[in-house]
Amino acid sequence: MGLAKESQFHVLAVDDSLVDRKLIERLLKTSSYQVTTVDSGSKALQFLGLNEDNQINSNQPSVSPNNHQEVEVNLIITDYCMPGMTGYDLLKKIKESSSLRNIPVVIMSSENVPSRISRCLEEGAEEFFLKPVRKSDVNKLKPHLMKTKDNNHQKQENKEASETTEVPPPPPPPPGPPPPPQQSSNNKRKAVEAEGLSPDRTRPRYSGLTVV
Amino acid sequence: MEVGQLQRQFVEHTASMFHEGFLDGQFSQLQQLQDESNPDFVVEVVSLFFQDSERLLNELTRALDQKCVDFKKVDAHVHQLKGSSSSIGAQRVKNSCFNFRNFCEEQNTEACFRCLQLVKQEYLLVKNKLETLFRLEQQILAAGGSIPMME
Numbered sequence: 001m002g003l004a005k006e007s008q009f010h011v012l013a014v015d016d017s018l019v020d021r022k023l024i025e026r027l028l029k030t031s032s033y034q035v036t037t038v039d040s041g042s043k044a045l046q047f048l049g050l051n052e053d054n055q056i057n058s059n060q061p062s063v064s065p066n067n068h069q070e071v072e073v074n075l076i077i078t079d080y081c082m083p084g085m086t087g088y089d090l091l092k093k094i095k096e097s098s099s100l101r102n103i104p105v106v107i108m109s110s111e112n113v114p115s116r117i118s119r120c121l122e123e124g125a126e127e128f129f130l131k132p133v134r135k136s137d138v139n140k141l142k143p144h145l146m147k148t149k150d151n152n153h154q155k156q157e158n159k160e161a162s163e164t165t166e167v168p169p170p171p172p173p174p175p176g177p178p179p180p181p182q183q184s185s186n187n188k189r190k191a192v193e194a195e196g197l198s199p200d201r202t203r204p205r206y207s208g209l210t211v212v
Numbered sequence: 001m002e003v004g005q006l007q008r009q010f011v012e013h014t015a016s017m018f019h020e021g022f023l024d025g026q027f028s029q030l031q032q033l034q035d036e037s038n039p040d041f042v043v044e045v046v047s048l049f050f051q052d053s054e055r056l057l058n059e060l061t062r063a064l065d066q067k068c069v070d071f072k073k074v075d076a077h078v079h080q081l082k083g084s085s086s087s088i089g090a091q092r093v094k095n096s097c098f099n100f101r102n103f104c105e106e107q108n109t110e111a112c113f114r115c116l117q118l119v120k121q122e123y124l125l126v127k128n129k130l131e132t133l134f135r136l137e138q139q140i141l142a143a144g145g146s147i148p149m150m151e
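Top to bottom, those sequences are chains A and B. Note that the UniProt record's numbering has the first sequence beginning at 1, numbered continuously upward. Note that the UniProt record's numbering has the second sequence beginning at 1, numbered continuously upward.
Derived by calculation from the structure, the hints in this document are not laboratory data. All C-beta atoms in this analysis are idealised placements derived from N, C-alpha and C, irrespective of residue type, glycine included.
Reference listing, derived: stretches of chain B covered by chain A, where coverage requires no fewer than 3 residues with Cβ under 8 Å from a Cβ of chain A:
{"id": "1", "segment": "31–45"}
{"id": "2", "segment": "72–82"}
Far from chain B by the CB rule (all over 12 Å, computed), these chain A residues:
{"id": "3", "residue": "Gln46"}
{"id": "4", "residue": "Val71"}
{"id": "5", "residue": "Arg101"}
{"id": "6", "residue": "Asn102"}
{"id": "7", "residue": "Ser115"}
{"id": "8", "residue": "Ser118"}
{"id": "9", "residue": "Gly124"}
I would like the entire structure built from these sequences, with the hints used as guidance.
Structural data, given as structure tokens:
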């Protein structure tokens, strides 16, 4: 059981508003998340390593949980109304990507339009926050982040269970078959109980750079 | 001026800004996000708001000055201004944007122009008051005092 090294969740925030980027960055940082902000959907996709054809660009940092690359994004929070690619378009592209679809996506909007909200949730968004976003909203992100962590560690824990207690934690599994399928979309909005972290794998430190 | 007086001025000034609707609860949220590790957060965000608003107001002036007004563009700018003012708690600026958008939809240039004047007015008022607030804060700190917590 050794000491678990402090590993932070990394959130990618997408918003064309300068003021809102500053605000969301601060909100996320007070929850001890590492934050990267970008000002458009296309920059977000670039950052995530997707090129025009929805293919992973191997020359760029990639974010599949099974890839041991530099960049790992645990949650994407995006504004809905943006010029060019809307938050909804971005959500769709992420869910269409085999490598990115497991990353939870949260939508923010200044407008309370029920049809917009349900469309986003149906497309796979975990939450829909009305702006201005508050600390209480950011507190709701934890369960979604824990869910991805649990999925990442499912294989790890299964493997450990079959070994004796004397053996030190095994090294991270090599890139292999894709992770177990996500819970069905019906469970999406349910808060997942955090069962206790065992981050054996060191999450790479990220300097929280802001890409504007 | 001694610290006590400055602090009283600060409290009164803040209270009146809320009381008169220049600021709403969102501004308090910003203040709560400020701490020792981020002591200038509020000033920083508000400065971004000033920057952004001035850009948008210039764009709006230009857009409404055109022979053929692009109301979609005007509406987009107003939407942005409404959003950023809402995010920092500049309530009266935010509220002045509501009618503006309605007139954009109606494609009523005259009314839009009047709305723009109103928004500019509200912006300048809140800017002035916020600058006074920040100045008072600086003076209090310079005199060795601490910023009073507002309930």
